[in-house]
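Let the hints inform the model, and build the full structure from the sequences given.
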Amino acid sequence: MNMAPQLSWYLALSAVLFTIGVVGVLIKRNVISMFMCIELMLNAVNLTFVAFSSFFHDVSGQLFVFIVMTVAAAEAAVGLGIIIAIFRNRESLDVDDSSVMKL
Amino acid sequence: MAIGCAISMVAQRNPLYSAISLIGVFISLACLYVTLSAPFIAAVQVIVYAGAIMVLVVFVIMLLNIDQAECQPRRLRSLVPIAVGLAAVLFAEAAFMIFFVQASAATPAHTVSDVGLTSSIGTGLFTSYLLPFEITSILLLMAIVGAMSLARRGGLIPPQAQGGETGTSNPE
Amino acid sequence: MAGILVAFTVVMTMVAYTVLAERRVPGFIQGRLGPNRVGYGGFLQPFADLLKFILKEDIVPDKSTRFVYFLAPVIATTAALMTIVVYPFGPEIHLPVLGTIHLVIARFDVALLYVLGVTSVGVYGIALAGWSSNNKYSLMGGLRSSAQMISYELALGLALIGVILQSGTLDLNSIVEQQAGHLGITGWNLIWVQPLGFLIYLIAAIAETNRVPFDLPEAETELVAGFHTEYSAMKFALFFLAEYVNMFTVSMLATTLFLGGWNGPFVHELPWLGVFYFFGKVILFLFLYIWLRGTLPRFRFDQLMSFGWKFLVPLAIINIVLTATLQWSPLFDYVSRFLKTSVGWGG
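Protein chains in written order, with my numbering: chain A, 37 to 139; chain B, 240 to 411; chain C, 234 to 580.
None of these hints come from the bench; they were simulated from the model.
It is possible that some hints are incorrect.
[Claimed, not checked] Taking CB as the label site, the calculated pair distances span:
#, chain 1, residue 1, chain 2, residue 2, range
1, C, ILE516, B, VAL384, 42 to 48 Å
2, B, SER367, C, SER539, 37 to 43 Å
3, A, ILE120, C, LEU517, 41 to 47 Å
[To be verified] So these bits of chain B aren't anywhere near chain C, every CB distance computed over 10 Å:
#, residue
4, GLY243
5, LEU255
6, VAL285
7, ALA289
8, PHE298
9, ILE321
10, LEU325
11, VAL328
12, ALA331
13, GLU332
14, ALA334
15, GLU373
16, ILE377
17, LEU379
18, SER388
19, ALA390
Predicted model, so just to flag it, every value in this text is computed and none were measured.
Heads up, the beta-carbon is just placed ideally off N, CA and C, and yes, glycines get one too.
So, in structure tokens, the structure goes:
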């Protein structure tokens, strides 16, 4: 293809990735797989931000991406800690087993 | 390629393969960021996401020794058609956007932008976006404290502190 | 494209001879001779080793996950080799026929961050290798090694921030050009500018590449052979290669950032000298690595981790704070004027 990538292509790619992430979160039973699908959704949003920032020559898009990445890293650390703590208690990584809040 | 890796991630049963596919997604996104003239974000994506977060995930997978996921869910099968329906709606939306929305006058062409340079990000981060920057530091501090408290074997509050709190509440 | 081929060949040859040196130099330190039968003084030994690796039987453990087992050495080697793309081997060379040649393969703005990123990806090779061998010693070795690598990556990055603060750019070419002192020697970042940063970087780099005294994960006496126990022949050769290329790239980064890259006496009159200076400095570092291997005992794993987190990281942060305050205060004007006139640092 000899035309430069349009903005709508990047947005479409981001939407598709986000959709795949949503499907993954709904389908998967393993809690770590669900976590990874959530990270995929975050990345799809990052892609949208960077695409807009590049096309409109505005740096605030990339700054926001930077902050989103930081937040995602913090959330990953704490989330994985929680997952390990749950696993210590319940001996199973199935989300359905953890769906009752009683220990 | 990003889509291929994403689909493979969702479709794989073994969570380690899902993790590897997700690393593929991150790296392909990093390449896309470079074509969007955002080299700093691309490098940070590789360092933070693909390099650190996924290493944590791979560690957890290895520590907890997860093998193949169990077979079809027993109780929540009703969720699968909902997922498929939702996916169909979102795909329809994306298709609508690609094919039917004409490029309006406000949509710019893609020229090589110069906002992705590290110096401009640094300038923006320290002048007009200083408050989010500081709040992010506090957030990271909270995350560190949270992770450390989760990892302690004895729990966050040591047991002897709970004995003296029962009879001291005065209703006012 | 030709640049990539040339650089690849040069790196591979140097790595091969590093392997040889690795066996002869500890020999001299320990009072014995290393391999000296093949060729004169052992110069053809690397080729003999290569032949042996190719012809050995390729064993695949029965219960390992095949895809990951094959993927892990590929990731390790690819990540190790991808970093050589950004290093400037020398100044620009004007040839009468071919025009100006820039002795660097790719030149982009965030080169230093790219190097950090690619070394982060190299951790995967080891972690996945440990997991996929289906052997508890390999798994332990792999996990320990990955934990060590990511801990010291932090100290590595923080030590480099001091250099970035002083140079004001992430581009490796500019950092090298700024270190051109009077005779090309005195402007190096090492002595006047970042002595503490250099020390921290060196220690963190040795830990990153899993070398003595930090080589517990692959020590022969501790965990059989650590994460690459179950690998044989070509795949083991790839891991081996990845480790030495890692050593090489880390040495190249040290010379570029701290020792002045291709700077040296009379470089601007005779640009080819730059390449020799660069490789000479890299060989100095490799020799340092091998020397340390023959001399120091190894750390226990908990000592290693506590050293990394409790000592190196705070030290690196202190280094950054010191550098930043020194740059900000009026003292810096005096210091930088002194450096410019007497030493020539600052381009």
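To see whether the hints hold, each was checked on the structure:
no.: 1; hint: ILE516(C) <-> VAL384(B): 42 to 48 Å; result: holds, 46 Å
no.: 2; hint: SER367(B) <-> SER539(C): 37 to 43 Å; result: holds, 41 Å
no.: 3; hint: ILE120(A) <-> LEU517(C): 41 to 47 Å; result: holds, 45 Å
no.: 4; hint: GLY243; result: holds, 16 Å
no.: 5; hint: LEU255; result: violated, 7 Å
no.: 6; hint: VAL285; result: violated, 4 Å
no.: 7; hint: ALA289; result: violated, 6 Å
no.: 8; hint: PHE298; result: violated, 7 Å
no.: 9; hint: ILE321; result: holds, 32 Å
no.: 10; hint: LEU325; result: holds, 31 Å
no.: 11; hint: VAL328; result: holds, 34 Å
no.: 12; hint: ALA331; result: holds, 35 Å
no.: 13; hint: GLU332; result: holds, 34 Å
no.: 14; hint: ALA334; result: holds, 34 Å
no.: 15; hint: GLU373; result: holds, 17 Å
no.: 16; hint: ILE377; result: holds, 18 Å
no.: 17; hint: LEU379; result: holds, 13 Å
no.: 18; hint: SER388; result: holds, 17 Å
no.: 19; hint: ALA390; result: holds, 14 Å
In summary, the structure is inconsistent with hints 5, 6, 7, 8 from the numbered list given earlier, while agreeing with the others.
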